[in-house]
Amino acid sequence: MARRTLVLAALLAGLLAAAIASMALGAVKIPIGHVVEILFGGGGNRTEHQIVDTLRLPRTVEAMLVGAALGVAGALLQGALGNPLASPDVIGVTPGAGFGAILIIILLPGSIALLPLAALFFGLLAATLVFLFAWSGRNRGSTGKVVLAGIAMLSLFTAGTTSLLAAFPERAPSAIFFIAGGLTSSGWENLETVWPYLLAGALVAVTLVRPLDRLALGDDVAASLGSRPRLIRLGAGVAAALLAAASAAIAGLLGFLGLVVPHVVRMAGGTSSHTFVVPASALGGAALLTAADTLARTLRAPIEMPVGPFMVILGVPLFLWLLRKAV
Amino acid sequence: MAAAAQPGPAAAALLRARGVEIALGGTPILRGADLDLEAGELVAIVGPNGAGKSTLVRAISGLLHPDAGSVLWSGREMREMRGRELARARAFVPQRMPVPAGISVREAVTIGRSARLRPLTRLTGDDHEGIERALQRAGVERFAERALSTLSGGELQRVQVAIGLAQEAPVLIADEPTSQLDLGATVGIATLFRELVGDGLTALVVVHDLALAAAVADRVVVVAEGRTVAAGRPLEVLTPARLAETWGADARLVERDGRTALHVAWLGQEPNTDVRAP
Chain A
1 MARRTLVLAA LLAGLLAAAI ASMALGAVKI PIGHVVEILF GGGGNRTEHQ IVDTLRLPRT
61 VEAMLVGAAL GVAGALLQGA LGNPLASPDV IGVTPGAGFG AILIIILLPG SIALLPLAAL
121 FFGLLAATLV FLFAWSGRNR GSTGKVVLAG IAMLSLFTAG TTSLLAAFPE RAPSAIFFIA
181 GGLTSSGWEN LETVWPYLLA GALVAVTLVR PLDRLALGDD VAASLGSRPR LIRLGAGVAA
241 ALLAAASAAI AGLLGFLGLV VPHVVRMAGG TSSHTFVVPA SALGGAALLT AADTLARTLR
301 APIEMPVGPF MVILGVPLFL WLLRKAV
Chain B
1001 MAAAAQPGPA AAALLRARGV EIALGGTPIL RGADLDLEAG ELVAIVGPNG AGKSTLVRAI
1061 SGLLHPDAGS VLWSGREMRE MRGRELARAR AFVPQRMPVP AGISVREAVT IGRSARLRPL
1121 TRLTGDDHEG IERALQRAGV ERFAERALST LSGGELQRVQ VAIGLAQEAP VLIADEPTSQ
1181 LDLGATVGIA TLFRELVGDG LTALVVVHDL ALAAAVADRV VVVAEGRTVA AGRPLEVLTP
1241 ARLAETWGAD ARLVERDGRT ALHVAWLGQE PNTDVRAP
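From first to last, the protein sequence lines are chains A and B. Counting in my numbering, the first sequence runs from 1 upward without gaps. Counting in my numbering, the second sequence runs from 1001 upward without gaps.
Hints were generated in silico from the structure; no laboratory data involved.
Here are some, though not all, of the chain A residues that point toward chain B, as calculated from beta-carbon distances under 8 angstroms:
#1 Asp-213
#2 Ala-216
#3 Asp-220
Derived coverage of chain B by chain A (criterion: at least 3 residues anywhere in the stretch with Cβ under 8 angstroms from a Cβ of chain A; other residues may be distant):
#4 1060 to 1068
#5 1108 to 1122
#6 1158 to 1167
Idealized CB from N, CA, C, for every residue including glycine.
Please model the entire structure based on the sequences and the hints provided.
Here's what the structure looks like:
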């Protein structure tokens, strides 16, 4: 019990540190004291105010929300499908969102404002198709069916994306940043579009914490306790699809985060209890993405490295180190 | 018969199932099974492989939805019961549950207790007492802080029973609780079920081993080809003629001084010979 509290406290401290750094660091360095004052409405000079309010605060909030959303989406899917490989990629959301975004970038480059909506729409469409197929015929709603339908949809949408890129190679460079995954300094615009989806996903996630703990003891025990295993899996799929599609609309394809963060917090906390794993994945995902985004845009400033690959390069050694220590 | 604190009409049986039919993937598994449970009895379901024993207990527990027939829990039609209401009527203990990493025995039993909670509400003092009671009744409080992944088969089976007990339902249903256990652990589980029934619980247990069924059960129900074909006191039902007809074996159930044994002519019969015993 104490170990879990310690891990949660460490993650929270890491998140706070990352958030402050994210707002202090950049082309213009702002002293931490000024950042705190500006956040509480005072201090700093005009330029500092403007940088924090219009650029860094929205970007930091986006990083925290997207990181938390992807962490929770991964935790929900891994719990609901009882499969350590489950992530928003596996139920088709990330590849679907990728296809939607590339469609706009390549076919409608003049209407780039539609990108978040297209990513959201195709991400949810892919997840809907996965669940429609998984919920039909024999053995409907079983883990195997969900995973296999998801892999099929992943392949289909990835093929669609690749075909688009191959057909319009001259426009492919502008798609790279989205595919790699990364945040932009575009103010509150994206969040204003997708916040209802993030909120809905988060609310469903909260109601699923206890049912997922029941499901961890098997479908039979969950049913004995009055839950409906297939309904829990469906709910987790819907919540994860909402969270991951909204994330992709903001920050492109960062599927790795949703796969790895829940594993890291389980290993660190020494438990797979969802009352710990779900909130810890939210904090851990938020901290990781905020820290990675800060590093990605400051290490070689003014060049911004795409945060997706950067995060993978940072995250994999940590993951492997924990994996070696885990039983 | 022990008295059980039981809500609902006093006259109604705890469970009354009639004409239960289930087809799985188009294959009929249950073709009209009946089952009654009275408060305070231990009933064993016996039958050959593939007869539909597991399907029957899963159907009357609400884990599968019957295609036809009626299942009444204390007079209430099961179809009309919501999850939490059903969880208060019966607990189902599967053969072997998956073992999630880093979950202790106490945490697992706490998850069992959550059956009594409304969504998003917290455990009360009552619930904590219920968890302690379940740990103690199942005899697992000694290793309550250990992780599930460190337990032996017999210990894990007791924990599964504890999870069911935490629901505090009047009926505990178990699907072959001893099928993967060694002799000592089997004796332990058999004794545990007898003690629980002695304390007022009602138990329905699928048992593969007929000698074990005869020793622990007040009543056995024989399932064959998707139907309940006989029910009653073990030695009266499991006659050599019944063993020959239902299991196709030349065998005799013997009880002496509280010990039961199945005497089997393992190699004794020619094929196609009528094995009906005298």
